[in-house]
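Residue numbers (this note's numbering), protein chains in the order written: chain E, 1 to 286; chain D, 1 to 498; chain B, 1 to 333.
Please keep in mind that the hints were generated in silico from the structure rather than gathered at the bench.
Hints may be right or wrong, so weigh each one.
Claimed, not checked - Simulated restraints, written as ranges between beta carbons of each label pair:
1) D:G425 with B:D183: 32 to 42 angstroms
2) D:L429 with E:F36: 53 to 63 angstroms
3) D:D32 with E:K46: 54 to 64 angstroms
4) D:G216 with E:T9: 52 to 62 angstroms
5) D:E301 with E:T198: 40 to 50 angstroms
6) B:D183 with D:E301: 30 to 40 angstroms
7) E:S31 with D:P413: 42 to 52 angstroms
8) D:G216 with E:Q87: 56 to 66 angstroms
9) D:R400 with E:S23: 40 to 50 angstroms
To be verified - DSSO-like, lysine-lysine: derived pairs with alpha carbons at most 30 angstroms apart:
10) D:K326 with B:K278
11) D:K424 with E:K123
12) D:K312 with B:K278
Note that beta-carbon positions come from the ideal geometry of N, C-alpha and C, so glycine has one too.
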Amino acid sequence: MTRLAVAKTYKLFIGGAFPRSESGRTYPVASPGGDFLANAAKASRKDARDAVVAARGAVPGWSGATAYNRGQILYRVAEMLEGRRAQFVEEVRAARGVSAQQAGDTVDASIDRWVWYAGWADKYAQVVGGSNPVAGPYFNLSVPEPTGVVAIVAPQESPLLGLVNVVAPAIVSGNAVVVIASERHPLPAMSLAEVIATSDMPKGVVNVLTGSAAEIAPWLASHADVDGIDLTGAGALDWVDLEIAAVDTLTRVMRPSPLEDAVAPSLERIVSWTEVKTVWHTRSLR
Amino acid sequence: MTFLDYAPAPESTAILDLKSEYGLFIDGEFVDGDGGSFATISPATEKHITTVQSASAADVDRAVAAARRAFEGPWSRLSGSDRGKYLFRIARLVQERARELAVAESLDNGKPIRESRDVDVPLVAAWFFYYAGWADKLEHAGVGSAPRPLGVAGQVIPWNFPLLMLAWKIAPALAAGNAVVLKPAETTPLTALLFAEILQQADFPPGVVNIVTGAGDTGSALVTHPGVDKVAFTGSTAVGRAIAKQVAGSSKRLTLELGGKAANIVFDDAPVDQAVEGIVNGIFFNQGHVCCAGSRLLVQESVHDEVIEKLKRRMATLRVGDPLDKNTDIGAINSAAQLERIRALSAIGEQEGAERWSPACDLPENGFWFAPTIFTGVDTSHRIARDEIFGPVLSVLTFRTPAEAISKANNTPYGLSAGIWSDKGSKILAVANELRAGVVWANTFNRFDPASPFGGYKESGYGREGGRHGLAAYLASTAGAAVVQTEQATKPKKGRTT
Amino acid sequence: MTDTSHSPDGALARPFDGPATDAALRRFLDGLPGVDAVGLEQRAATIGTRSIKSSSKAAALDAVLSLIDLTTLEGADTRGRVRSLVSKAITPDPSDPSVPRVAAVCVYNDMVHHAVEALGAHHAGSGGDIAVAAVATAFPSGRASLAVKLQDTADAVAAGADEIDMVIDRGAFLSGRFGQVYDEIVAIKNACRRSDGGHAHLKVILETGELSTYDNVRKASWLAILAGGDFIKTSTGKVAPAATLPVTLLMLEVVRDWHLGTGQRIGVKPAGGIRTSKDAIKYLVAVAETAGEEWIAPTLFRFGASSLLDDVLMQKQKLTSGHYSGPDYVTVV
Chain E
1 MTRLAVAKTY
11 KLFIGGAFPR
21 SESGRTYPVA
31 SPGGDFLANA
41 AKASRKDARD
51 AVVAARGAVP
61 GWSGATAYNR
71 GQILYRVAEM
81 LEGRRAQFVE
91 EVRAARGVSA
101 QQAGDTVDAS
111 IDRWVWYAGW
121 ADKYAQVVGG
131 SNPVAGPYFN
141 LSVPEPTGVV
151 AIVAPQESPL
161 LGLVNVVAPA
171 IVSGNAVVVI
181 ASERHPLPAM
191 SLAEVIATSD
201 MPKGVVNVLT
211 GSAAEIAPWL
221 ASHADVDGID
231 LTGAGALDWV
241 DLEIAAVDTL
251 TRVMRPSPLE
261 DAVAPSLERI
271 VSWTEVKTVW
281 HTRSLR
Chain D
1 MTFLDYAPAP
11 ESTAILDLKS
21 EYGLFIDGEF
31 VDGDGGSFAT
41 ISPATEKHIT
51 TVQSASAADV
61 DRAVAAARRA
71 FEGPWSRLSG
81 SDRGKYLFRI
91 ARLVQERARE
101 LAVAESLDNG
111 KPIRESRDVD
121 VPLVAAWFFY
131 YAGWADKLEH
141 AGVGSAPRPL
151 GVAGQVIPWN
161 FPLLMLAWKI
171 APALAAGNAV
181 VLKPAETTPL
191 TALLFAEILQ
201 QADFPPGVVN
211 IVTGAGDTGS
221 ALVTHPGVDK
231 VAFTGSTAVG
241 RAIAKQVAGS
251 SKRLTLELGG
261 KAANIVFDDA
271 PVDQAVEGIV
281 NGIFFNQGHV
291 CCAGSRLLVQ
301 ESVHDEVIEK
311 LKRRMATLRV
321 GDPLDKNTDI
331 GAINSAAQLE
341 RIRALSAIGE
351 QEGAERWSPA
361 CDLPENGFWF
371 APTIFTGVDT
381 SHRIARDEIF
391 GPVLSVLTFR
401 TPAEAISKAN
411 NTPYGLSAGI
421 WSDKGSKILA
431 VANELRAGVV
441 WANTFNRFDP
451 ASPFGGYKES
461 GYGREGGRHG
471 LAAYLASTAG
481 AAVVQTEQAT
491 KPKKGRTT
Chain B
1 MTDTSHSPDG
11 ALARPFDGPA
21 TDAALRRFLD
31 GLPGVDAVGL
41 EQRAATIGTR
51 SIKSSSKAAA
61 LDAVLSLIDL
71 TTLEGADTRG
81 RVRSLVSKAI
91 TPDPSDPSVP
101 RVAAVCVYND
111 MVHHAVEALG
121 AHHAGSGGDI
131 AVAAVATAFP
141 SGRASLAVKL
151 QDTADAVAAG
161 ADEIDMVIDR
171 GAFLSGRFGQ
181 VYDEIVAIKN
191 ACRRSDGGHA
201 HLKVILETGE
211 LSTYDNVRKA
221 SWLAILAGGD
231 FIKTSTGKVA
241 PAATLPVTLL
251 MLEVVRDWHL
261 GTGQRIGVKP
271 AGGIRTSKDA
281 IKYLVAVAET
291 AGEEWIAPTL
301 FRFGASSLLD
311 DVLMQKQKLT
321 SGHYSGPDYV
331 TVV
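Bound conformation, chain E alone (with noise of 0.2 angstroms):
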């Protein structure tokens, strides 16, 4: 006699927390042959909404731990990928229905790109800033911090290494994020998280909805705590009106980007996810 296996419900993740949709709906998502994989929470405005405050709340811990901390942290998230690497190796083989080879492939490129990233904690500042030979008895450095809150509609046809691209990115500056994780496959962005959600990671760094980004993204494009919008995986939404919507409070916006550069490693990414501060200050020995 087979056992009965125990199925997971897959829910949303804000604030650290896996809550249900508060509008109590859910999709279902099935393989590309059209078989029932699970049942994905349908992210509402309000949860978009309750998701943007827990990122907000998450900035001034994350951006003001020491960049030797967060590179650790992110590090650890790689361990846990690796420690879980056959769950996803599994679930990016349903979801796309390709061969465990490539499947694995994908899983493994995940990690590193991880790494990678990690890796760039305390770097990036040094290579993106530096001092300023002015012409005067100044002192004056330039350098990047993490621009806040970035919202990210992550890439529709990857849904592990495209995820990975644009959220490890923004984070790891400081920033804290708001990602709709692949329409289609959702799956592999909810195991992510519960990966991120028994790491090191501070409550609210990382928050990911499932859903329709076409009703969810709006929302957040137009929200006025939002700092920047990441378009990657928005090719096939309005996505001009939401730079549109953006705009009105001069969020910053990365437009859609075909897949091949959506699943680059970028310095640009990170960069592009701070805003560069310039300090001056006198200097004199009298």
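Position chains D and B relative to chain E; hints supplied.
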């Protein structure tokens, strides 16, 4: 007569040789446009200076076409070092004609000659010198090993630092290899037109820089022109927001330098006399027509009375009047419209219960004038603590602890600049770290340098001008050839990267 | 001269009270606001851009003349040299009797009686308008015992000096012995008493070039005023840098603050290195815009200078005649 009634010491305008009218500068020539003309006046006397053209959409189209031809033609065939040499030529010509440019700027803008002579024009030359040297070193600009220019840059600049803002825009754009169409502000076109003459003296290839004068419609035609690849704007947040909407969904790259409501924080351990100078320089420099002006003074309660008493004494020595007088500290308000806005917001400050004070000063009868003014007893909820006044009006608030200072300083949608006054290094660094502002001046204020990035957080805009960061705003990275092809094939794609 | 000395029973509170120990003085002086050097120098530079023309310039030149301590402080000074100096003080420009006289002549201790004799009825002590200032206290180094310094001072006062320019012990100041510096100034001030009950005015030379930092200048200025100095003076003229505009500006800020706090007006004397009218006028601008115009008076501001007078005279001649003058048209000392 008291000693402080310094006799008039006017700078001579004889050095200026202005034409009675100026055309649009397109493709290396001054040409007639078809949008009519308008007068530019001196805000200090309301007297006519010269007549300039109002560029129509068709004129803008001609200018963009000229820039495109130059970009795809002679300009892109030049080596980086030759491009740099053109910029060095500009720097030298600006230095040679410095006094003339300073006089023209003060005449057209109303700013004191002391500032145009000692700040604006020297910085203009410095800006071109700095970026000239970048032209053959672009691979070190931090955007990949083979960065390329974006194409045609459409640039719209404000009236507060007319020639300096032109330099901030044109120098990095040209160093990076772009061609430019620039629109100076409606009330201050004069020095941009003199700059066009300098381009002719420098024997610039036609079309590399085009200058179209006009008002908002001209600017709108420029930023929405499909032939423009890069839009750079400095001005109000309202207009910046409108431009951002206009370019949304396009492939245009955008940098915005917008408004501000900077906190100037004076701690109880500040070098008080220098802090007072910094407060004065922070809000009365250029009549307060400065986006990064220190318009909110946050002073620790324990030193509030001492600081305000000293500030008032110092303000009593400020000389308001003829911008061309070498002893003038505060010149004319740039326009009747701006004067009206300053008056309206100041009236609101009084209605809301803040205490208004200005030193006794005789303002000239003609022209647009506003005495240096401070409001004490301002609360965070007052409009004069929140709205950008863009005039010589300071709002004074108090705080008790460093945490409260930071909290009040950051309590604004803007985030351009801030000041910190203290003798305690650790506190300065910690506060600087917490302030959400793109430029933080510690024990100084309103300092600018071409090597130093400048730009805002939040609604003060995005992108940086100055330094390597300012150069990157005019370059596209070439991470790999495949990316370039993709980018061309799938426009629109990337948004801002600076 | 109006009396600007401290009134011990004045109603206004002294900023510092109690025993003048090193520790107590250090606590007080360390509590003063710091000085940001860059900001101070920038303010001074801006003051230097004031353009003083036509009628303002004429008035400023006359003011400068009336504020000069015409000085000779050379090892080679003789009675003849001092008489020549005094003669020029009395008649700065023989071709123009309307030219104002200088405030004082400043000489070494042993030259005081020559100066007094040469001045005759012009001497302030005899109802005239020119004072005799004597440098004392082992000028310029100050490296002598207190007894010698007191004797030096008493000798000069006895010889008819109206003003004593003392030096502080910079070594003691820099090693934190503020009490010693204070006590010495108090003692010298006592030695300035004359037999008639009045006292010679005390100018305290800080030798700012040796104090090195602006914070030290500010502290030394306060210390000198607390101890009873009537004037604070930048330099001996024997150490470079001597007077600078930023240092003088800073000292003007101190006397302004002292006045705001106590109601008492203390004088300031930049000395050494001010050679041109243009430079001197910058100092006047600093005085007017910092302490206030009432400080542009011989009782409250002096220039310690030797060659400045000639340049001012040439500038005045230019204003009068419309053409440039030359050194042969002013008298040598």
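Worksheet item: Quick check: which numbered hints come out false for this structure?
Response: none
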